[in-house]
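Asks: Line order of the protein sequences matches chains A and B.
Position one of the first sequence corresponds to residue 1 (the working numbering), numbered consecutively onward.
Position one of the second sequence corresponds to residue 1001 (the working numbering), numbered consecutively onward.
No lab work stands behind these hints, which were simulated from the structure alone.
Ideal Cβ placement from N, Cα and C applies to all residues, glycine included.
Misleading hints may appear alongside valid ones.
[Said to hold, decoys possible] No more than 25 Å apart at the CA atoms, straight line, and that leaves these computed lysine to any residue pairs for SDA-like: (1) A/Lys204 x B/Gly1014; (2) A/Lys204 x B/Arg1067; (3) A/Lys204 x B/Gln1083; (4) A/Lys207 x B/Phe1105; (5) A/Lys53 x A/Gly34; (6) B/Lys1132 x B/Ala1156; (7) A/Lys207 x B/Ala1156; (8) A/Lys35 x A/Ala267; (9) A/Lys207 x B/Glu1032; (10) A/Lys207 x B/Thr1092; (11) A/Lys207 x B/Thr1094; (12) B/Lys1132 x A/Leu200; (13) A/Lys98 x A/Lys53.
[Said to hold, decoys possible] Label-pair ranges, simulated between beta-carbon atoms: (14) B/Ser1063 x A/Phe128: 35 to 45 Å; (15) B/Glu1136 x A/Gly249: 48 to 58 Å; (16) B/Arg1119 x A/Leu4: 48 to 58 Å; (17) B/Ala1115 x A/Pro196: 27 to 37 Å; (18) A/Leu4 x B/Arg1181: 25 to 35 Å; (19) A/Asp129 x B/Asp1008: 41 to 51 Å; (20) B/Ala1295 x A/Thr211: 50 to 60 Å; (21) B/Glu1136 x A/Ala194: 20 to 30 Å; (22) B/Gly1165 x A/Ala194: 22 to 32 Å; (23) B/Arg1119 x A/Asp129: 28 to 38 Å; (24) B/Gly1014 x A/Ala194: 15 to 25 Å; (25) B/Glu1136 x A/Arg210: 22 to 32 Å; (26) A/Asp129 x B/Ala1173: 43 to 53 Å; (27) A/Phe128 x B/Thr1247: 55 to 65 Å.
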Amino acid sequence: MKPLQRLQRFFLESLFLPAVGLLLCLLLWQVLSGKTVKTTVRDDFGDLVTVTKRVGLSKDLPSPAETWAASKTYVLQPWAKRGELDQGILAFTWLSLKLVAQGYAIALILGTPIGFCLGLSKSFAKTFDPIIQILRPVSPLAWLPLGMVLFLSVKIHVPGAGAPYTASELAAIFTIAVCSMWPTVLNTAVGVRAIPQDYLNVAKVLKLSRTKTLLKVLVPATLPYMFTGFRLSLGIAWLVIVAAEMLTGRPGVGGFLWQQYNALNYAHIILCILTIGFVGYALDRLMSLVESRFKSV
Amino acid sequence: MPLLSLKDVRIGFGSGPGRHEVLRDIHLEIQEGEFVAIVGYSGSGKSTLLNLLAGLLQPDAGSLQLRGLPAPGPGPDRGVVFQNYSLLPWLTVTENIALAVDQVFPEWQPGQRAAHVRRYIEMVRLTPAAQKRPSELSGGMRQRVSLARALACEPAILLMDEPFGALDALTRANLQDEVVRIWLENRRTALLITNDVDEALLMADRILPLSAGPGATLGPSVSVPLSRPRDRRSLHHEASYKHARRTVLDYLLGPGSHAKLAVSRKLVLPDLLPEDLDGPRPSLFAPPKRRAHSATETVELH
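When you get a sec, could you build the whole thing from the sequences and use the hints?
Replies: Below, the structure written as structure tokens:
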């Protein structure tokens, strides 16, 4: 292919077509959204008053332009902190990510060994598989209240980390850990079961000890599967944080979203949705980069 | 005393009527320093036999002895070159071999072990590829690594399971010569499993044909009285080559090769025994006499 052709193709496939898609969505949004109409009418007392009314298909939905006008401050001053629940959008994202990181770390630390046990031991799998299958589909919204109850009287103070963890914080971490653990558990188990017999034969012929077989054969052979699990888990962890923040009212993207809904600031809801989407996409890309590094080996 | 021997070995998979007998009546003795080849059809249980010798499978009956002592499970005293290389893809050539060497010679100094690894990479002529991963190597090179890994453990016997099966003809010829050269240098005991009679004749001192399964067994040993080094171009014209080749093929293709097929079936007989008229008449309400056991008949097919 000639360089010019390649450039053309790049413009068509990577810039033009996505731009068309974006424009179509904006158009649909514009059509659906309402607009503010001001009319001057004479009221019952004979005075001239200005009546502000919203009209449109979905008249309370702000239009793209209105959304931008209302969200400008949050986007242009992303790290500003005007109050606990009135911060720049990146400040909120950072708060959410901190919580996600803690829950996700717990999920990986617990999930990977459980996955290995499930894959290696038939009786372990028979014992715990039914419980896992039952707990797996439980929604984060159901786990959160249980977390609140569990950590109501628990005080965890990490030295040097400032204020102790509150019950709602611990409940959010618990919910993220419990919900995002399952893809890691199941993928690791599948990966362990999929290890070719050849590799195990090598370990047997060389008489590798159990620890050595685990570290030198089982773990490296399972890594690609494990990373697929890690990536799916991170996606779920990011989904759960929004729900957890909405329920607990903690500052963060989800908490902000819920507070702005209650404050009738509908434009900010859209801002939050877009932020959540972008951050989720970025996290997924990041994980798939790491994953492909391990898969290529 | 033979180095490695199998006595009266039988092995199969499954149980009951679904049982599939793979090998039966296997007697095998391998002497120190010998190069033995086992030639057989694909699917006749060659790999099962090798797994038995390597200790990866346990026989249903009979015994495996190493230097006259019952051999326990698998161990580095029997080096195995698998058909599909079985290299760990996340390790480089050096690391693959070092994994084996570190395991087998833990008492050595690290420098001594590294030198040992280098020596065997050199022996299979892979020094330029020492830091590459298996995915970057060709099939022939991978099999060289596998060979170096098995040899580096300094096993009492080298077991090779169709090591050249997945290679193209030129690479195969090359690697055959290489294996023979290494074997001549070290005179280590070697067992080659193959489905190629010519390959066996080129490399081995002695050939054991394995009949077709199910229930495959080893035929009479055929020795290959050809001097070494053997030249694959002039070999075909020697009388002893022709004779040995014919003997092996006669066994593999002839009537002795196929295990006797026997069909056994349950005979369906009437459930009731005929009434004995000589004895006293049984009571009208007594339960009728029934057959105590069923009968089977076995028919051998030829």
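Asks: Against each hint, give a clear statement of whether it holds in the structure.
Replies: Do the hints match the structure? See the list:
1. A/Lys204 x B/Gly1014: holds (23 Å)
2. A/Lys204 x B/Arg1067: holds (21 Å)
3. A/Lys204 x B/Gln1083: holds (16 Å)
4. A/Lys207 x B/Phe1105: Distance of about 12 Å is within 25 Å: holds.
5. A/Lys53 x A/Gly34: At roughly 10 Å apart (the allowed maximum being 25 Å), A/Gly34 and A/Lys53 satisfy the hint.
6. B/Lys1132 x B/Ala1156: violated (29 Å)
7. A/Lys207 x B/Ala1156: holds (15 Å)
8. A/Lys35 x A/Ala267: holds (13 Å)
9. A/Lys207 x B/Glu1032: holds (23 Å)
10. A/Lys207 x B/Thr1092: Given pair A/Lys207, B/Thr1092 holds - Cα atoms ~20 Å apart, limit 25 Å.
11. A/Lys207 x B/Thr1094: holds (19 Å)
12. B/Lys1132 x A/Leu200: Roughly 22 Å separates the two Cα atoms, so the pair holds.
13. A/Lys98 x A/Lys53: violated (42 Å)
14. B/Ser1063 x A/Phe128: 35 to 45 Å: holds (40 Å)
15. B/Glu1136 x A/Gly249: 48 to 58 Å: holds (55 Å)
16. B/Arg1119 x A/Leu4: 48 to 58 Å: 56 Å Cβ-Cβ, so the 48 to 58 Å window holds.
17. B/Ala1115 x A/Pro196: 27 to 37 Å: holds (31 Å)
18. A/Leu4 x B/Arg1181: 25 to 35 Å: The hinted range 25 to 35 Å is violated for A/Leu4 and B/Arg1181, with Cβ atoms some 56 Å apart.
19. A/Asp129 x B/Asp1008: 41 to 51 Å: For A/Asp129 and B/Asp1008 the Cβ distance comes to about 43 Å; the hint holds.
20. B/Ala1295 x A/Thr211: 50 to 60 Å: Check passed, 57 Å falls within 50 to 60 Å.
21. B/Glu1136 x A/Ala194: 20 to 30 Å: holds (23 Å)
22. B/Gly1165 x A/Ala194: 22 to 32 Å: holds (24 Å)
23. B/Arg1119 x A/Asp129: 28 to 38 Å: violated (49 Å)
24. B/Gly1014 x A/Ala194: 15 to 25 Å: holds (24 Å)
25. B/Glu1136 x A/Arg210: 22 to 32 Å: Because 31 Å falls inside the window, the suggested range holds.
26. A/Asp129 x B/Ala1173: 43 to 53 Å: holds (52 Å)
27. A/Phe128 x B/Thr1247: 55 to 65 Å: holds (59 Å)
Of the numbered hints given earlier, the model fails hints 6, 13, 18, 23; all others are met.
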